[in-house]
Amino acid sequence: MNKIVDLTLNYTNDFTGFSKETSRTIKKDGWNASILTFYSHCGTHMDAPIHFNVSQQTIDKIPVSDFVGKAWVIDVREVGSKGLITVNHIPNDVLNDFVSGDSLVFWTGWSQYVNIPKYRDELPRISKDLANWCVDNKVKMIGVEPPSVADVNNIEEVTKIHQILLKSVVIIEGLTNLEKLQSNCVELIALPLKIEGGDGSPARVIAIEKQ
1 MNKIVDLTLN YTNDFTGFSK ETSRTIKKDG WNASILTFYS HCGTHMDAPI HFNVSQQTID
61 KIPVSDFVGK AWVIDVREVG SKGLITVNHI PNDVLNDFVS GDSLVFWTGW SQYVNIPKYR
121 DELPRISKDL ANWCVDNKVK MIGVEPPSVA DVNNIEEVTK IHQILLKSVV IIEGLTNLEK
181 LQSNCVELIA LPLKIEGGDG SPARVIAIEK Q
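Residue numbers for the sequence shown follow this note's numbering, so the first one is 1 and each next one is one higher.
By construction, these hints were calculated from the structure, which means they are not laboratory data.
Worth double-checking, as some hints may not be accurate.
[As the list claims (entries may be wrong)] Pairs of lysine-lysine residues, derived as DSS-like cross-links and limited to a Cα-Cα distance of at most 25 Å, are as follows:
#: 1; residue 1: Lys-167; residue 2: Lys-128
#: 2; residue 1: Lys-128; residue 2: Lys-70
#: 3; residue 1: Lys-160; residue 2: Lys-128
#: 4; residue 1: Lys-61; residue 2: Lys-138
#: 5; residue 1: Lys-82; residue 2: Lys-118
#: 6; residue 1: Lys-160; residue 2: Lys-118
#: 7; residue 1: Lys-138; residue 2: Lys-128
#: 8; residue 1: Lys-167; residue 2: Lys-61
#: 9; residue 1: Lys-70; residue 2: Lys-3
#: 10; residue 1: Lys-180; residue 2: Lys-118
#: 11; residue 1: Lys-194; residue 2: Lys-61
#: 12; residue 1: Lys-82; residue 2: Lys-160
#: 13; residue 1: Lys-210; residue 2: Lys-180
#: 14; residue 1: Lys-167; residue 2: Lys-70
#: 15; residue 1: Lys-160; residue 2: Lys-138
#: 16; residue 1: Lys-194; residue 2: Lys-20
#: 17; residue 1: Lys-70; residue 2: Lys-210
#: 18; residue 1: Lys-210; residue 2: Lys-3
#: 19; residue 1: Lys-82; residue 2: Lys-180
#: 20; residue 1: Lys-118; residue 2: Lys-128
#: 21; residue 1: Lys-180; residue 2: Lys-70
#: 22; residue 1: Lys-61; residue 2: Lys-160
#: 23; residue 1: Lys-180; residue 2: Lys-3
#: 24; residue 1: Lys-82; residue 2: Lys-128
#: 25; residue 1: Lys-138; residue 2: Lys-70
#: 26; residue 1: Lys-70; residue 2: Lys-194
#: 27; residue 1: Lys-194; residue 2: Lys-167
#: 28; residue 1: Lys-167; residue 2: Lys-138
[Unchecked claim] Just the calculated beta-carbon pair ranges, DEER-fashion:
#: 29; residue 1: Val-135; residue 2: Arg-24; range: 40 to 50 Å
#: 30; residue 1: Gly-30; residue 2: Gly-80; range: 49 to 59 Å
#: 31; residue 1: Ile-116; residue 2: Lys-20; range: 16 to 26 Å
Predicted model, so just to flag it, every value in this text is computed and none were measured.
From the three backbone atoms N, C-alpha and C, an ideal C-beta is built for every residue, glycine too.
Let the sequences and hints guide you as you build the complete structure.
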């Protein structure tokens, strides 16, 4: 039987950019319902090319086939605060078995810092060389634990890395629970909300491990 691991953060009112308010209650209205308000790039989320004007493709226009596929999980916990993740961090056995259309997920352990300043201000980043490698080798999705693939406090860096990747790679940010995976090769499914004209969207992301 396959093992399914949820890689999605819980959306709570502690999150900057998200709120959940009571709209209806059983006692007063006969049912429970909420009003949800969220920034399009908070929590576990996905980016669309229009996010950095790479193209006019919005989240609702990305083919759903780009949200599902084989993914290699790379342990880069050694990188640490503000570290750069490079092509050299990809093990040789993964490089040998990688084929066009595979995805990459980088395990940094960074989700343990959610909701504290370090999570945003000291995040490990994707290097320019790795971003170019992903495009050149037709990586389908790239997944990271931090809230961004690049330093959000450095507009030049965050723009450059996103502009490279969003030429052809689906970006997933804000992953968690990667330590629960027992295999370095999984089936990755990342489904954003279908928001018309959306620059990004929260997503439910799961990994399926074949037993």
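Consistency of the hints with the structure:
Note on Lys-167 and Lys-128: the hinted pairing holds, with a Cα-Cα distance of about 14 Å set against a maximum of 25 Å. Only pairs whose Cα atoms come within 25 Å are accepted, and Lys-128 paired with Lys-70 is accepted, the gap being roughly 23 Å. Proximity of Lys-160 to Lys-128 is assessed by CA-CA distance (about 8 Å); at most 25 Å being required, the pair is judged to hold. Annotation: proposed proximity of Lys-61 to Lys-138 holds, straight-line Cα distance about 19 Å (limit 25 Å).
Proximity of Lys-82 to Lys-118 is assessed by CA-CA distance (about 10 Å); at most 25 Å being required, the pair is judged to hold. About 22 Å separates the Cα atoms of Lys-160 and Lys-118, which keeps this hinted pair within 25 Å; it holds. Restraint check: the Cα-Cα separation between Lys-138 and Lys-128 comes to about 15 Å, which is no more than 25 Å; the hinted pair holds. This hinted pair checks out: Lys-167 and Lys-61 have alpha carbons roughly 14 Å apart, not beyond 25 Å.
For the hint linking Lys-70 to Lys-3, the alpha-carbon distance of about 15 Å falls within 25 Å, and the restraint holds. Note on Lys-180 and Lys-118: the hinted pairing holds, with a Cα-Cα distance of about 23 Å set against a maximum of 25 Å. At roughly 9 Å between alpha-carbon atoms, Lys-194 and Lys-61 fall within 25 Å of each other, so this suggested pair holds. With a CA separation close to 17 Å, the supplied pair Lys-82 and Lys-160 stays within the 25 Å bound.
Distance hint between Lys-210 and Lys-180 is fulfilled; the C-alpha atoms sit about 14 Å from each other, no more than 25 Å. The straight-line distance between the Cα atoms of Lys-167 and Lys-70 is roughly 20 Å, inside the 25 Å bound, and the hint therefore holds. Distance hint between Lys-160 and Lys-138 is fulfilled; the C-alpha atoms sit about 18 Å from each other, no more than 25 Å. With a CA separation close to 20 Å, the supplied pair Lys-194 and Lys-20 stays within the 25 Å bound.
The straight-line distance between the Cα atoms of Lys-70 and Lys-210 is roughly 11 Å, inside the 25 Å bound, and the hint therefore holds. The hinted pair formed by Lys-210 and Lys-3 meets the criterion: a straight-line CA distance of about 7 Å does not exceed 25 Å. Between Lys-82 and Lys-180, the direct Cα distance comes to roughly 24 Å. Compliance with the 25 Å bound is thereby established for this hinted pair. Proposed proximity of Lys-118 and Lys-128 is supported: the alpha carbons are some 22 Å apart, at most 25 Å.
With a C-alpha separation of about 17 Å, the suggested pair Lys-180 and Lys-70 falls inside the 25 Å cut-off, and the hint holds. Annotation: proposed proximity of Lys-61 to Lys-160 holds, straight-line Cα distance about 23 Å (limit 25 Å). The hinted pair formed by Lys-180 and Lys-3 meets the criterion: a straight-line CA distance of about 10 Å does not exceed 25 Å. For the hint pairing Lys-82 with Lys-128, the CA-to-CA distance comes to about 14 Å; that is within 25 Å, so the pair holds.
At most 25 Å may separate the alpha-carbon atoms for a hinted pair to count; Lys-138 and Lys-70 meet this at roughly 13 Å. For the given pair, Lys-70 sits about 22 Å from Lys-194 by alpha-carbon distance, which is consistent with the 25 Å threshold. With a CA separation close to 20 Å, the supplied pair Lys-194 and Lys-167 stays within the 25 Å bound. Annotation: proposed proximity of Lys-167 to Lys-138 holds, straight-line Cα distance about 10 Å (limit 25 Å).
Range check, Val-135 to Arg-24: about 47 Å between beta-carbon atoms, so the 40 to 50 Å window is met. Distance hint check for Gly-30 and Gly-80: the Cβ-Cβ separation is about 52 Å, which falls inside the suggested range of 49 to 59 Å. In this structure, Ile-116 and Lys-20 meet the distance hint of 16 to 26 Å, their C-beta atoms being roughly 21 Å apart.
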